[in-house]
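Student: Single-letter residue listing:
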Amino acid sequence: MTPGQTKETGTYRPYGADIKETRPYSPCRAACPAHTDVQAYVGLIAQGRYTEAFEVITSVNPIASVCSMICHHPCEQSCRRCSVDEPLAVRHLKRFALEKSADYRRNKRRLVGKTKNKSIGIIGSGPSGLSAARDLSDLGYGVTIYERHPVLGGMLASAIPPYRLPREVLKEDIDDVISKGVEVRTNCEIGRDVKLEELTKKHDAVLIAIGLSQSRSLNIPGVEGPGVLLAIPFLEDVAFDRRPDLGNKVLVIGGGNVAMDVARSARRLGVRDVSMVCLESAEEMPAWKWEVDEAVEEGVRINHRWGPKEVRRQEGKVQGLEVVKVRSVFDANGRFNPSFDNDQTTLIEADTIIITIGQMSNLSFLKDSPVKIDVRGRLEWNPATQTSSSKNVFVAGEVVTGPGSAIAAVASGHRAALAIHLHLQGEAVEGALPLQEKEKISQMPPEVLEMISREPRLKIKHLAPEVRCDTMTHFEIGYDEEEALREAGRCRGCGGGAVVDTQKCMACLTCQRICPYGAPVVTSVSEIRPEYCQACGLCAPECPGQAISMVSYDVKEISETLPSVVGRVDPKRQEPVIVAFLCTHHVGVFGFDLPKNVRKVPVHCTSRIDILDLLKAFETGADGVAVVRCNDGTCKYRGIEKGVKARVKRGQEMLGMLGMEPGRLELLSAEAGRGGNPWAAVCDDFSGRVKQLGLRAVR
Amino acid sequence: MIVGSQKPIEEIWSMVKDFKKVLVFGCNTCVAICHAGGEKEAATIASLIRMRAGQEGKAMEVNHMGVMRHCEPEYFDPVIEEVKSYDLVLSTACGVGVNFLSDRTGTIPVYPGINTSFYGAVEAPGFFKELCAGCGDCIVHLTGGLCPIARCSKTLMNGPCGGTNHGKCEVSNEVDCVWYLIVERMKKLGTLEKLSEVLPPRNWSTSRDGGPRRVSVEHIREYEEQEAQKPETAGGKK
Amino acid sequence: MKSGSNLEQVISSGVPAVTAELGPPMSADPHEVIKKAQQLKGFCDAANITDCQTAVVRISSIAAAAIAFQQGLEPVMQMTCRDRNRIAMQADLLGAAALGLKNCLCLAGDHQKFSAAGRLKGHPGAKNVYDVDTCQLVGILKKMRDEGKQEGGDPIEVAPKFFIGASWTPMADPVDFRPINLMKKVNAGADFIQTQGIYDIEGFRSQMAKIVNMGLHERTAILGGIIVPKSAMMLKYMDSSVAGVSVPKSLIDRMNKAKAAAGEDKKKMRELQEQEGIKITIELIHQVLETPGIKGVHIQAIEWESAIEGIVKEAGLYPRPTFPGA
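Protein chains in written order, with the numbering used here: chain A, 1 to 699; chain B, 1 to 238; chain C, 1 to 326.
Rather than coming from a laboratory, the hints here were simulated on the basis of the structure. Please note that a few of the clues may not be correct.
List of simulated lysine-lysine pairs, DSSO-like, C-alpha gap at most 27 Å [claimed, not checked]:
1. K7/B / K143/C
2. K168/B / K210/C
3. K188/B / K210/C
4. K129/B / K127/C
5. K127/C / K168/B
6. K210/C / K187/B
7. K58/B / K691/A
8. K113/C / K194/B
9. K210/C / K194/B
10. K572/A / K600/A
11. K168/B / K113/C
Some but not every residue of chain B turned toward chain A, in silico, with C-beta under 10 Å [what the hints assert, rightly or not]:
12. P8
13. T29
14. I33
15. G37
16. T44
17. V198
18. P201
Glycine included, C-beta positions come from ideal geometry on N, C-alpha and C.
Bound-form chain A, shown alone (with noise of 0.2 Å):
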C-alpha cells in the first residue's frame, strides 16, 4: 500500500491532516506533547492500513516504538471514551501497528541529503536529542549526537529496565534516525572527552539534551555506606546486565514511576522480597496506578505514609530502614511539604536500600563555560527561543522542563530543532515556536453518550507474575490482529467526521434530518459541531451539493482509489470481479480474508458508502458489488441501517434503468459463529449469484 500524501521530507500527512490544523483537535491528539494524530492512526489501523497508521505515528514521533511500550499515553486518559466505558487503548495499537510495520520500516531507511552546509551538535540521545536529531537531518543539516554511554538512547538505553523497554524495539527507533546520516559519537562524555567550546567551535549551533541523568539522594543518617543504592547508578547496572548483588530484602524509598522500575527490576534479580516505602498514601503517589498494580501483582510490597529517618546498620552492614510516620505530604497550599509524628515510628529490614527520590541533571561541565547555571543549580533558559544564556548553545528536553515523559521530551526535541532551524535560516524564533496547547473538542453530549453501545477494551496480557518476574524479558503481550481491528474499531473518530464547505451548502437540512446524534446545525450553513460528531459517515454522501467531506477517509478518497483496486479487468476471466465494501469494525477482524477474486474496499462505516462510489465500481469494470455490513446488533453507530439500505435500493434501481441486473448490488452482513470468516462465506455466495447473472462484456 503506498502512503497517499507523504512528503519529500518524509512527512506524512494523514487524510485531512490540513482540515484539522483549523479546527479543535480530537482530546487525544491535544493531550499528547507531540500531538499524535491519534484519531487518524486507530483509524487507518482499523481500515487494516498499517503502514499509513505507522506514518502518522512516526510522523511526529522519532522514538515511536519506544512509546508504544513505555508511553504513559495521555492520550487515553483523555480518551472521550472514558466517559462511555473505557478508553481506547491506544499504546497497545500504536505497538500494533509498529510491529506491523516493521519491514516497511527497515526498507523506508534513507540516508538524507546534507543540503544545508551547516552542522549541529547534539549532547545527549535521549528523547528530545533523537527528535531534534531527525528533524534536523531531515531540514538538511549535518547532525552529530555526543552520548557517554556506549549505546544511544539515553535514559532510554541506560535506565529503563528491559522488561519495559526491549532493546531491539528501542534500536528500531535509533536506526531510523541514525540511518539519516546522523554521526554518532558514543563514549563520549561532555566535560571529560570533549570540551563543551570544542563542540561550539565545530558545529554551527549546539543542543544540550542532556535529561537528568543523576539520582537524587537523602541527608540522613547512614546513608554513606555500602548497601544503599542510588536508583540511576542501580537501573544502569540492570540495563547493562551487571546484576549488582542485592542480598535477600530490598526497600526501595519512593513512591513514584522509577521507584517502581526499581523495585520491579530488584523482583527480576532474584530478590523475593522487595518492598517500598513512600510518603504519600495510595492515592497521593505519583506513580501511574497500572504500574503500581502491576508492581503488587509481582509481590512486592509498598509502605505508604513512612518518612525516612536512618539507614540502620551493624557493623556497616545494613540492618533496615528507620522510618516515621507521616502526617501530611502538602500543606494548606498544596505543596510538597512533608510533616511527621516523630513519636511513631519502625524499622523496615532490608538488606539493601535503593532510593529513588528524584533525578538532577549534572552539569559540571558547564563549569566556565558561557552557558549560565541560576542560584538553585538550573540551567538558565528562554522557554520563547528554547536557548540558554550562550548564543548558538540551545536546550531541550528535562535538562530544563525537570521532569516528566518520554514523549514530552520529544515535543521538546521537535521545539528545540524548530528554533535552530530557524535561527540558522536567520529568521526570528521568539513568537515562531507552536503553541503546546490546542484548543480540543469537548466531551460528548449526554444524549450523544445514550447512544453509544457499551464496548469494553480488549484487556492487554501479561505474562503471569510469577513468570514475569523471573525474567528480564518484555512482560507485555501484544494484540493479534483481529484483538487489535476490534479494539480499533471502538474510536469514535472524533475530530474525523464531517465538515461542510460552507461555499457549497445550501443550508438544504439534509445532514440535519439524517444524522442520527444531532450533529449538523443549518443556519444560514449548515454546522457540523465536532463534539456531537461521531464520524459515521452518513451525511457525506447525502448531501445534495456535494458540501460535506469527512476529515478522515473521506468518501472521495475511496472512489479515487477504485481504480486501482479494482485493477484490469480480465476479458477471460472465469470468476466474476466483486467489489465489496467492508464495515471494518466487525468485518475487518477477520484480517480482511476474503475469496480471490473479491477486491476488499474496508470503510470505516458503510454509512460512508456513496452511491457514486457504487456505480464507480460498475464503471471501473466490477461484475457485482457488495457492502458488506455488521449486522445490525453489533454495528458501531445506531440509526445508520436505513440509510444504508436506501441506498443500496437506488443503487439496484439505477442498474434497473440501465438494463442491468439489480442483483449485480447486495447489501451483505453476516452473523458470527457460523465457523470460519463468516464474510468470506456471504461474500463468496454473492459471487455464486453474480456468475449465475452472468460476467460483464469488458470494453
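Start from chain A and add chains B and C according to the hints.
Tutor: Below, chains B and C without anything else, positioned relative to chain A:
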C-alpha cells in the same frame, strides 16, 4: 422553491448519445435541495451516462460540475469558458436555468437533465408538495392562506366541487381536497363567512396566460442603469 | 318567464318537476341519441344531456341536445368548466340558444384523470381549462341573459335566454360548507338545482332543513337526485367511492336479499336486483318529494334510459303536464 425530478436515464441517453464530450452541470440551489439536480445528482447522472456509453461501446467523455445557481450569470460566469469547452451541456438546473444558460453558451447546446415540476415545499424529508402556481395575483387572504389555484385540481375559486371524498380530491385519494382544508382552516380562523362572496371570473393575464412575464424592480434597475452609464463599467454586467 | 322552457314552466306551475338523463354515445352515430330521446320523451319534463361525463369523449352536449330537441324531448344542455375557456363557452351558449336550446346546467366537470373511473382509457393527459368555475359560469349565463352582455362587457344584440341550472352535492365534504356552496350558486343566478343522488334521506333532509332555513328553496328550484340502483354491487360502490353519496345498509341488504333469492341463476339475479332497484327508486322519489323545499326529482337511470317510463308511471308522476309553446 422550485422542485424538480429526475428524468429516466433512457431519455437522457437519447439526448446525449451523439455527443463526444458532455458536461452534466448541476445547480446547487432549489433543485439540489429536492435531490434532483444538485452537484451530487449531476455526478450521479454523469456516472450513469458513462456506464450507458460503456454498454454501447461509445467513447464519450462525461464530467460533472456544479455552481450555486444557473439563474444568475455571476454564478456561472467564472466557469463559462470551461462549460463551453464541451459539446453538450446537460443542465440539471430547473427550466429557468436551462433557458438562461442556453442564451449564454453560444453554439453549445444546453439540454435539460431533469424535469422541472413545481413550486413546492418540503413537506417531509424527500417529500415535496406543490403549494403555489405563480399565477401573479395572490388571493389566499380570501381562502385562509391556502391556494385553490395551485392546490385544487380544477382551480375552483368558489368552493369545492362535488368530488370531495373524505377530505380527498377525486383525482387521487393521496391528494388533499384543498377546499376541504380551506373550509376547515377558515372555520378555525372564524372567517368562514368570507367564503360566501362569489369571486368573479379571474383576470388570468397576470398568470402564464398573459404571455411570458417580467418583473422589474425599479429602484434596483435605476441603480444598475446609473452604473452602466459610468464609462468604466459600461457593459460589464451583461 | 326567464327562458320559457318547458322545465321552467313546470316548475313555475308548482307541479313537482321530473328530469331525466341522456348520455350521448362515444360515436358519431345520432341514432343512439334518437333512440334514448324516444324512450324518455313524455316521461320527463326535460332530460340532461351530459357533457363528456367522466371525462370521456362523446357527442358534444350541444349537438346531442339539438338532436334530442328535434325528437321532441326538451334537453338540459350540460356545460362543464373543464374543457372550454370563457370565450368558447360563450360562443357555444350563443350557438345553443340559436339552435333553440333553453336549459343549461353548469358543472365543474369530472377531472380528466377520471377517465370513466378507469374503465376506459380516456384522456388523463389532457390539459384542463377551468378558466371559470361553476359559480362564475352561472354568473356569465345570467349576465348574458339579463344584462345582454358578454362576460368581458361587450353587448349582445340578441341575448341567449337560458333557464340556468347548477348541481349540488348536499352531503359531500366539507358538509358544513355545502349550504353556503348552494347559496353561492343561487346568488350567482342558478334558477334550478339538481342534486347528487340521494339514498340517505335522513342526511339529505337535515341539509335541506338548513336550506329552507336560509330561504334558498324560495329562490331556486331544487330537484332531488335519484340514481336508479341496478345491483347490490353498484350500491356498495357508490357508498364507498362516490363523493357525497352514502347508502344506508338497509338498502344494500334489500338488494343482497333480492340477489340471494335468485340462487345461482345469473340472469335471474340481475332481474330480481333490477326489480328491487326500481322499487327502491320509487320509494326514494316519494321520500324526496315529501322533503320540505323540494320542487322535483332528477332521475338518473345510467345507461338504462328504458327504465324511466316504468319508474315515472309507478311513482304516480305520469302523465307530465304540457304547456303551449314550450
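Student: When the nearest CB of chain A is found for T29/B, is that gap smaller than 10 Å?
Tutor: 6 Å, holds
Student: For the pair supplied as a hint, K7/B and K143/C, is the alpha-carbon distance within the 27 Å limit?
Tutor: 48 Å, violated
Student: Between the alpha carbons of K129/B and K127/C, is the straight-line distance 27 Å or under?
Tutor: The given pair, whose Cα atoms are some 20 Å apart, holds under the 27 Å limit.
Student: Taking only the CA atoms, is the gap from K572/A to K600/A under or equal to 27 Å?
Tutor: OK: K572/A and K600/A at ~21 Å, within 27 Å.
Student: Given I33/B was flagged as interface, is its beta-carbon under 10 Å from a beta-carbon of chain A?
Tutor: Interface hint status for I33/B: holds (4 Å vs cutoff 10 Å).
Student: Is the hint on P8/B kept, meaning its closest Cβ partner in chain A is under 10 Å away?
Tutor: Since chain A brings a Cβ to about 6 Å from P8/B, closer than 10 Å, the hint holds.
Student: Compare the distance between the alpha carbons of K168/B and K113/C with 27 Å, and conclude whether the hinted pair is satisfied.
Tutor: 15 Å, holds
Student: Just to be careful: measuring from the Cβ of G37/B to every Cβ in chain A, is the smallest value less than 10 Å?
Tutor: Where the cut-off is 10 Å and the nearest Cβ of chain A is about 9 Å from G37/B, the hint holds.
Student: Could you grab the alpha-carbon distance between K58/B and K691/A and see if it respects the 27 Å cut-off?
Tutor: 26 Å, holds
Student: Holds or violated: the hint that T44/B contacts chain A, with Cβ atoms closer than 10 Å.
Tutor: 6 Å, holds
Student: For a C-alpha distance cap of 27 Å, please report whether K113/C and K194/B respect it.
Tutor: 31 Å, violated
Student: Any CB of chain A closer than 10 Å to the CB of P201/B?
Tutor: Since chain A brings no Cβ nearer than about 40 Å to P201/B, farther than 10 Å, the hint is violated.
In this structure, the earlier hints numbered 1, 8, 17 and 18 are contradicted, and the remaining ones agree with it.
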